[in-house]
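> Chain residues, written in single-letter form:
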Amino acid sequence: MTTQVTARTVPYKEKKPFDYSPFLRKGKLPHIWCAGCGHGIVLKSLLRAVDATGIAKDDLAMVSGIGCSSRTPGYVDFNTMHTLHGRATAFATGLKLAKPRLKVIVATGDGDAMAIGGNHFIHACRRNMDMLILVYNNYIYGMTSGQASPTTPEEKISTTSRYGSIEPAFDICELAKTAGATFVARGTAYHAQELEKTLYEGLMHRGTAVIDILDSCPTYYGRFNKYKNVAEMMDKIEKDGTVSVAQAAKLSPEKLEGKQLRGILHRSERLEYCDGYKNLVDRVTG
Amino acid sequence: MGEAAKKEWRIEIDARLCKGCEICAHFCPTKTLEIKGITMSVRDLSTCIGCQLCDIRCPDFAIQVFPK
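From first to last, the protein sequence lines are chains Z and F.
All residue numbers for the first sequence refer to the numbering used here, where the first residue is 1 and numbers rise by one.
All residue numbers for the second sequence refer to the numbering used here, where the first residue is 287 and numbers rise by one.
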């Protein structure tokens, strides 16, 4: 079941602020993220997208592992679960099988999903479990003071790569596509309204949806790599470093060099795991 | 052709939530916001055009712009 973004009430078009309070555990605010951390922007986009889909809060479950990104479920008023490092997709798989009516969102980071939970991530994609996996990609392990993660770009400095990383970085979208995810997209915290639409599409998709969200860690990644402030990081990494799929079609290959594509990169239809499991049960029990 | 009446806006900043990251000030097209101490404040409310860019990009749920 895929749906195009249809005409709906976009609060900002009417110049009215969106009311986040029904979706938040207000007592938990202010959140623990550092000043300028992009995770808050992503969370706001997610809440607006959830509101647009009209899914009830009780029908949503948010699962996370460990890391800065994984603090997200603590602030949202859905069914939430804060689990083991890297195992968020594994817990989400179990949750989805136990309660298939729930829409499961996995909030995970680049270190959580790609390194420690790499296996769980690719197998969730392979099975095509109906879940939305949000990978908050800030290129670094923020919570444990800035070690290099599998997505740290080459030559970039981190606590464990003081003279520049020599490892090639993972492309999360390519990995997810190859592993079998049926909806793969990329968004950024800078393009918050575009991200809201991408998240909406991801929420409406049935099957594994992976969204690689570029955001910024000014405390470690920004400081190590000589970005003056978070605004400069957002401009250089998220605005200048990405190009939307529609724009990319018009640009020459030289101009696209070093830029990441933004938007919905892959979409396909395949049997969802819970549907397949139900078919099996029906076949065996007659 | 009369000029449309200029709309007025009210900016609410929650000082308890604001961490002073200055994202809102950087992306404000009319430079309406500035940092004062450790939190953001409004420099000149009359220049606000109600574009809501500060609201959309505030990571801390601290700023919202309402029609007056």
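Calculated from the structure, these hints are not laboratory results.
On a predicted model such as this, the values are computed, not experimentally measured, just so you know.
In this text, a Cβ means the ideal position worked out from N, Cα and C, and glycines have one as well.
Where hints are given, some of them may not hold.
What the hints assert, rightly or not - DSS-like, lysine-lysine: derived pairs with alpha carbons at most 30 Å apart:
1. Z:Lys103 x Z:Lys16
2. Z:Lys26 x F:Lys322
3. Z:Lys197 x F:Lys317
Stated by the list, open to error - Derived DEER-like restraints, expressed as beta-carbon distance ranges:
4. Z:His123 x F:Ser327: 46 to 52 Å
5. Z:Lys28 x F:Thr325: 15 to 21 Å
6. F:Arg302 x Z:Ser244: 35 to 41 Å
> Compare the structure with each hint and give your call.
Each hint tested on the structure:
1. Z:Lys103 x Z:Lys16: Between Lys103 of chain Z and Lys16 of chain Z the Cα gap is close to 28 Å, so the pair holds against 30 Å.
2. Z:Lys26 x F:Lys322: holds (25 Å)
3. Z:Lys197 x F:Lys317: OK: Lys197 of chain Z and Lys317 of chain F at ~28 Å, within 30 Å.
4. Z:His123 x F:Ser327: 46 to 52 Å: Because 50 Å falls inside the window, the suggested range holds.
5. Z:Lys28 x F:Thr325: 15 to 21 Å: holds (20 Å)
6. F:Arg302 x Z:Ser244: 35 to 41 Å: For Arg302 of chain F and Ser244 of chain Z the Cβ distance comes to about 37 Å; the hint holds.
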